[in-house]
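Undergrad: As a plain string of letters, each chain reads:
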Amino acid sequence: MAKLRTPIWESVKISLASLRANKLRSILTLIGVIIGVTSIIAMVSLISGFNKLVADQLATLGSTTFIVEKFGIIMSDDAWFNALKRKDLTLRDYQAIVEGCTECEEVALQMASNRKVKYGSEHFSRVPIVGITPNYMKVVALDDIVDKGQGRSITEFENDHRRQVVILGPEMAEKFFPKLDPIGKKVKIEGADFTVVGVPKKRGSFLGDNQDRFAAVPFTTYQKYFADKLEPWEGLQFYIKAKDYPSLERAQDQVRAILRARRHVPYHAKDDFGMYTAETLMDIFKQITAGISFTLVGIVSISLLVGGIVIMNIMLVSVTERTREIGVRKALGARRRSILVQFLVESVTLAAVGGVLGILLGIFLAKVISWTTPIPATIEPWSILAGLLVSTGVGVFFGVFPAAKAAKLDPIEALRHE
Amino acid sequence: MLISIRNLWKTYDMGQAVQVQALRGVDLDIERGEYIAIMGPSGSGKSTLMNLIGCLDTPTEGSYELNGRAVGQLSDDELAYIRNKEIGFVFQTFNLLARATALHNVELPLIYNGTPASERKKKAEQALAAVDLLPRMHHKPNELSGGERQRVAIARALVNTPSLLMADEPTGNLDTATGAEIMQLFSKLRKQGNTIILVTHEHDIAANAERIVHIRDGRIEKDERRAA
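Which chain is which? The protein sequence lines are A and B, in order. Residue numbering for the first sequence follows my numbering, beginning at -8 and increasing consecutively. Residue numbering for the second sequence follows my numbering, beginning at 51 and increasing consecutively.
Treat the hints with care, as some may be off.
[Stated by the list, open to error] Computed Cβ-Cβ distance ranges for the label pairs, DEER-style: (1) A:Arg328 <-> B:Ala167: 17 to 23 Å; (2) A:Arg407 <-> B:Gly83: 42 to 48 Å; (3) B:Ser168 <-> A:Arg328: 20 to 26 Å; (4) A:Arg328 <-> B:Gln123: 17 to 23 Å; (5) B:Pro91 <-> A:Arg328: 35 to 41 Å; (6) B:Ala67 <-> A:His408: 24 to 30 Å; (7) A:Leu296 <-> B:Ser54: 52 to 58 Å; (8) A:Asn304 <-> B:Gly118: 46 to 52 Å.
Hints were generated in silico from the structure; no laboratory data involved. Even glycine gets a Cβ: it sits at the ideal position worked out from N, Cα and C.
Could you put the whole structure together from the sequences, leaning on the hints where they help?
TA: Right under this line is the structure:
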């Protein structure tokens, strides 16, 4: 006997027609799936945008650079209270490293505190004033940022002679000198005159930290004007660049050995200073985002489960409502498979429409967040594909039972159904 | 012989060992081109007989040959195939899909046998033309009168050129004048060579047929033939 064949496309058209006929109900039905898929898209976009941003930012630190400071990265309160007892790093430690570390190419210094900066009647009340050695720009790979801006960096001469010169953040330069050349102008930092020698190009903000609002002065000048009189080395950081990537670990070992010896750290005790690389920071950041992703998977699963159950429920209602229609279709020659496919296609179409709406909403949400907050968004193509697959999967999984129920209906009973 | 029924029994299990014998040994032959009415009070078994002839159900016992093919013990899907090819149904309540146009409703049986779209449309239009509804083909059932709806249903029943047209109380939901129009349409279809089985409990409706089979208590009580 010849098999009756029903084109799937006919089922899709029937399904879309019935979705259109019940617009409000369809949308309400889809909320669970929409929320699930929206979360997938938006969160994947934000997390990967965030990751990329952090990676970009850390790249300026360079893959061969590491930072040494009193506290380092401290993850618990206990560790923090212990760390408070540590001695500050000093300029003598710096000199010891410069002399003793053969694998180190550059050792730069940095100290920072918030100060008032003024020009004419304009002022910024709390600006990070950063004292840096001239080689800092090489270590942190900020060379090009100064180069592409205006003016120049700080020179050895200026650092040796505690000159009152400043590299001014572009946001400040814009406010102080809207239409003028800022180079050569004098701004007041805590009352002292500083001549502007350079303005880097804009970088935007990073994790809520405005990177265009700062003032960098020679390290020695910072010591003279802004360092705490009682604790002159409070907050001192060493930015150390190893010769190349293979020597990074050896450089860290040498620095560690020098500092432990100088600070009399017992053999089995832990370091009483912090040391980290861009990679360390990236790893920590990835741990955090992995935790967020994990929680997210839970939320998404629950909303998709609920969304799927709602779809199953509405499909069961639909089967009951259309019992007579099913009877008519069967009387006219629809086989079980045709009815099964019709209702399955309907639930998959329903879920897939939810998936598409979720994808659009997710992209929109990610964009809105990236426009209104410093968090960037990168739309990942795989997340769109995942959203589609997951939503259609939900449609199949939760649509099978109602569709099978419809297919099994007895045509006589179905035709009699009121 | 289009239909040959021998000693047909249908027993329903109502649970707790209660059985209802809806048909108790029915013999019935129907020739191609006959116009036959099946009459009987409710509970007589006429609906059961109609369901069996219409291949919506299978008998408990006995044989049923439609068009030379034994259809008594076929599977659900095989019965669906027979219904699609051989039988056109006309119901008391029309049973059109409310959201679909007249044209789409008529196309439905063709969809289920995989007729290509262009051919489907052509055949459906021809069927609608045969019931004088071509101008209304893009209307939905709720935009049509009762008589028009039943004519759409008749077009749908005829679109696959079935061997057999089964009408179950086709005038039951229509006023007298419209009912008469529908009966005229059946007479016309009869003259064109269609085999028609009319299930009804109304004598004046049954009187349109050339042969009236009376059913009572699951058996054929009387089989009268009359000149058309």
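Undergrad: So, for every hint listed, does it hold in this structure?
TA: Hint-by-hint comparison with the structure:
Against the hinted window of 17 to 23 Å, the Cβ-Cβ separation of Arg328 (chain A) and Ala167 (chain B) comes to about 20 Å, which satisfies the hint. Between Arg407 (chain A) and Gly83 (chain B) the beta carbon distance is about 31 Å. The supplied range of 42 to 48 Å is therefore violated. Distance hint check for Ser168 (chain B) and Arg328 (chain A): the Cβ-Cβ separation is about 24 Å, which falls inside the suggested range of 20 to 26 Å. Separated by about 21 Å at the C-beta atoms, Arg328 (chain A) and Gln123 (chain B) satisfy the suggested range of 17 to 23 Å.
Taken as a hint, the range 35 to 41 Å holds for the pair Pro91 (chain B) and Arg328 (chain A), whose Cβ atoms sit roughly 39 Å apart. Take Ala67 (chain B) and His408 (chain A): their Cβ atoms lie about 27 Å apart, and the range 24 to 30 Å holds. Under the hint 52 to 58 Å, the C-beta atoms of Leu296 (chain A) and Ser54 (chain B), about 56 Å apart, fit the expected range. Between Asn304 (chain A) and Gly118 (chain B) the Cβ separation comes to about 48 Å, which falls inside the hinted range of 46 to 52 Å.
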